[in-house]
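Number of protein chains: 2
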Amino acid sequence: MKLISGGVCAAKGFTANGVHCGVRKNRTKKDLALIYSEVPASCAAVYTTNLVKGAPLDVTKKHIENGVAQAVVCNSGNANTCNANGIEIAEQMCDLLGTALNIASSDVVVASTGVIGQPLSIEPIKSGIPALVAGLSADGCDAAAEGIMTTDTVKKEVAVEFELGGKTCRMGGIAKGSGMIHPNMATMLVFITTDAAIAPEMLKKALSTDIAATFNMVSVDGDTSTNDMVTVLANGMAGNETVTAEGEDFAVFMKALNTVTVALCRMIAGDGEGATKLLECTVSGADDMGTARTVAKSVICSSLLKAAMFGADANWGRVLCAIGYSGAAVDVHRVDVSFRSPKGEILVCKDGAGVEFSEEIAKEILLEREIEILVSVGDGNVSATAWGCDLTYDYVKINGDYRT
Amino acid sequence: MKLISGGVCAAKGFTANGVHCGVRKNRTKKDLALIYSEVPASCAAVYTTNLVKGAPLDVTKKHIENGVAQAVVCNSGNANTCNANGIEIAEQMCDLLGTALNIASSDVVVASTGVIGQPLSIEPIKSGIPALVAGLSADGCDAAAEGIMTTDTVKKEVAVEFELGGKTCRMGGIAKGSGMIHPNMATMLVFITTDAAIAPEMLKKALSTDIAATFNMVSVDGDTSTNDMVTVLANGMAGNETVTAEGEDFAVFMKALNTVTVALCRMIAGDGEGATKLLECTVSGADDMGTARTVAKSVICSSLLKAAMFGADANWGRVLCAIGYSGAAVDVHRVDVSFRSPKGEILVCKDGAGVEFSEEIAKEILLEREIEILVSVGDGNVSATAWGCDLTYDYVKINGDYRT
Chain A
1 MKLISGGVCA AKGFTANGVH CGVRKNRTKK DLALIYSEVP ASCAAVYTTN
51 LVKGAPLDVT KKHIENGVAQ AVVCNSGNAN TCNANGIEIA EQMCDLLGTA
101 LNIASSDVVV ASTGVIGQPL SIEPIKSGIP ALVAGLSADG CDAAAEGIMT
151 TDTVKKEVAV EFELGGKTCR MGGIAKGSGM IHPNMATMLV FITTDAAIAP
201 EMLKKALSTD IAATFNMVSV DGDTSTNDMV TVLANGMAGN ETVTAEGEDF
251 AVFMKALNTV TVALCRMIAG DGEGATKLLE CTVSGADDMG TARTVAKSVI
301 CSSLLKAAMF GADANWGRVL CAIGYSGAAV DVHRVDVSFR SPKGEILVCK
351 DGAGVEFSEE IAKEILLERE IEILVSVGDG NVSATAWGCD LTYDYVKING
401 DYRT
Chain B
1 MKLISGGVCA AKGFTANGVH CGVRKNRTKK DLALIYSEVP ASCAAVYTTN
51 LVKGAPLDVT KKHIENGVAQ AVVCNSGNAN TCNANGIEIA EQMCDLLGTA
101 LNIASSDVVV ASTGVIGQPL SIEPIKSGIP ALVAGLSADG CDAAAEGIMT
151 TDTVKKEVAV EFELGGKTCR MGGIAKGSGM IHPNMATMLV FITTDAAIAP
201 EMLKKALSTD IAATFNMVSV DGDTSTNDMV TVLANGMAGN ETVTAEGEDF
251 AVFMKALNTV TVALCRMIAG DGEGATKLLE CTVSGADDMG TARTVAKSVI
301 CSSLLKAAMF GADANWGRVL CAIGYSGAAV DVHRVDVSFR SPKGEILVCK
351 DGAGVEFSEE IAKEILLERE IEILVSVGDG NVSATAWGCD LTYDYVKING
401 DYRT
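Residue numbers (the numbering used here), protein chains in the order written: chain A, 1 to 404; chain B, 1 to 404.
In short, the hints are calculated from the structure, not lab data. Only a predicted model underlies this, so the values are computations on that prediction, with no experimental measurement involved. One or more hints might be untrue.
Claimed, not checked - So the derived list for chain B, only partly shown, Cβ under 10 angstroms to chain A, looks like this:
#, residue
1, Gly-13
2, Ser-225
3, Phe-250
4, Lys-306
5, Tyr-325
6, Ala-328
7, Val-335
8, Ser-338
9, Leu-391
10, Val-396
Unchecked claim - Covered, in the sense of this in silico footprint (three residues per stretch, anywhere, with C-beta under 8 angstroms from a C-beta of chain B), are these stretches of chain A:
#, region
11, 30–41
12, 49–63
13, 82–90
14, 344–356
Ideal Cβ placement from N, Cα and C applies to all residues, glycine included.
Please work from the sequences and hints to get the whole structure.
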């Protein structure tokens, strides 16, 4: 497994682009992105669990029922959600793209992100499509990654190279997601492409297995968006023998997928709205996965702990508190807590009670940009990791007046 | 039901006091509070559901097993939680008070609030008790209310007068609670006194019924404290016939209790850490109480909505979003949302979709100090209310470095 450049264009046969079309007022911000595969690809997706769902999700769901897609279009600036004509607009987006790309409109995956409840006009999108399609290129990943950003401050892309049955394959992804992000659903917008050949049902299996340990373990603010989805397109152009069942090749594919998704999870959490720190909580010693995941997510979601991390304050009582209300059946008298960063590691709680530690060293560790919170809950052999970020003045600022 | 002054000393036979004893470094802050009843009183309490529990809760639980108590002692500045000698210290507090007041130490209710995981020394408490007891007075409610404050910015007290079987009764309460506050547990520290005569088992029933609609519907930050409890002492000195069963008198008692608890809920939510606004979400039209409460709590807990309210931004999409992920089975296409304050009421969403409204009027409404979020989910006849506050820069500031 080797990290490479190129993002969603790293895999053979994929091109991408992003343009400003006018959904957003600000002309310097791209607001329309496209990913295109030369040939039809296996496609799988997972969606938000919110009952209030963006119209694009319904359209995408219908389009990929047959497990095949060839392009992904996504606008930012407007979520096309809670609008009377949402489905119609989402379908028009696919029709326009289908015509421009000369593919079936039912092979287009559509997504939107931005404000909820404001009608989305098709006009800017219609006028932007010619340039969007004309500009498709193998160097277009950056533009596409930019086109799906909302309050994100950095583009999120990653790609890896791996081998399947003697053939070199590539997989890459882009993501957006900064606020309204919370475990237990298909979170954020994530588009992954690969040239590996894999049957749609195995792709679906790979994705749904993976997200339970990755995107569903990310939380920025506890709010579950109405529009989030993760999609993977696999176009088979690497020429490997198609993965049609579990086995060695499937395991390698899963490993590649996990490398891409974990990298994107870390980018999303670290770029959480207003965040100054990436928080990674690893819970070990659990007897079962449910316990490990529940505890890790509860810690990462605690507003009080998130604020303490912003202040580089080793207030481990808040970790204990979050474990205690997580709902998981842990023996709190067996809980150990340490903080770790590139500056070192410090034990702050042993068997559920405080230990003496140097506040100066703890401060130095917590002033870093990436903080690990290590929790041991017993002598079981199951671990889980969750990702989050600190709670800062800027989170409040960004969300205090998002619409204007 | 008449609002009166006096707080926990409004009821006959109750005195109170608060002093600075030295648990806190800051000499201008009271940190030890006492409430005392001339005669033994019926006592009921509810406690946090957090698995990590403050030592005082265990001691209190044991002490009021017989349904009787005569005094409440509470320190602020240290939660006496996650400490190896926590139980011992809590018991010593009761012993010292029992001796000083000449009552059984098992008739003392003990509570602590503050930082978790730092050993609590008995010394300052021991040295503070003589002055604490000597200063007990019928005017002491203010001092006691001050003694239990942590990050609270205002004292929280209320009292009412009502009639039971021809006798005038009084009930009053004090509360503290500003951060680490979340629905679904016995929240915060609340001490209620009444001179009504009521059997311990009926008092228990009244309290556990009431909190489901009051303290369990308050959220400041989604964090459930380890130390929170609500206790009621009823000393019977009003001379009414003891309430021993359901019926008219019990209903009046419940009404009085609810008046006191709702007032304290509003004070607690409105004084949430860093809050500039009290948010009150009322969900109507539900088919069952579970749905109404789940939806109301989900709305009040949304970080995104809380930040929008801070910015006086009528971003109703976030209300819809929070309803959608609440877990309640609502038909989102039947949801209406309005915002209301002393400046007026404005409909912003009808049948799950936006309606045209004046942003100027909405802004004016949302700039007020108390905001109602009115949600209708159908044509059922069940309603529920939840209380919360906005998310502000100051919440982050207060919690970024709480320990120093």
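Comparing the hints with the structure gives:
Interface restraint check for Gly-13 (chain B): the shortest CB-CB distance to chain A comes to about 37 angstroms, outside 10 angstroms, so the restraint is violated. At about 7 angstroms, the closest approach between the beta carbon of Ser-225 (chain B) and any beta carbon in chain A falls short of 10 angstroms, and the interface hint on this residue holds. Interface hint status for Phe-250 (chain B): violated, as the beta-carbon distance to the closest one in chain A is roughly 32 angstroms, over 10 angstroms. Satisfaction of the interface hint for Lys-306 (chain B) is found here, the shortest Cβ-Cβ separation to chain A being roughly 8 angstroms, below the 10 angstroms cut-off.
Hint status for Tyr-325 (chain B): holds, given a least beta-carbon distance of 4 angstroms to chain A, under 10 angstroms. Residue-level restraint check for Ala-328 (chain B) holds (minimum Cβ-Cβ distance to chain A is 9 angstroms; threshold 10 angstroms). Taken as an interface hint, Val-335 (chain B) checks out: its beta carbon lies about 9 angstroms from the nearest beta carbon of chain A, inside 10 angstroms. The criterion of a C-beta within 10 angstroms of any C-beta in chain A is not met by Ser-338 (chain B), whose closest approach is roughly 14 angstroms, and the hint is violated.
This hint holds: Leu-391 (chain B) has a C-beta 6 angstroms from the nearest C-beta of chain A, less than the 10 angstroms allowed. For Val-396 (chain B), the interface hint holds, since its Cβ comes within 10 angstroms of a Cβ in chain A; the closest pair sits about 5 angstroms apart. Against chain B, the region 30–41 of chain A contributes 0 residues with a C-beta closer than 8 angstroms to a partner C-beta. That does not satisfy the three-residue criterion, and the hint is violated. Only when three residues or more bring their CB closer than 8 angstroms to a CB of chain B does the claim for the region 49–63 of chain A stand; here the count is 5, and the claim holds.
Evaluation of the coverage hint for the region 82–90 of chain A: fulfilled, as 3 residues show C-beta separations to chain B shorter than 8 angstroms, against a requirement of three. Coverage of the region 344–356 of chain A by chain B holds. Counting CB-CB distances below 8 angstroms, 4 residues qualify, and the rule asks for three or more.
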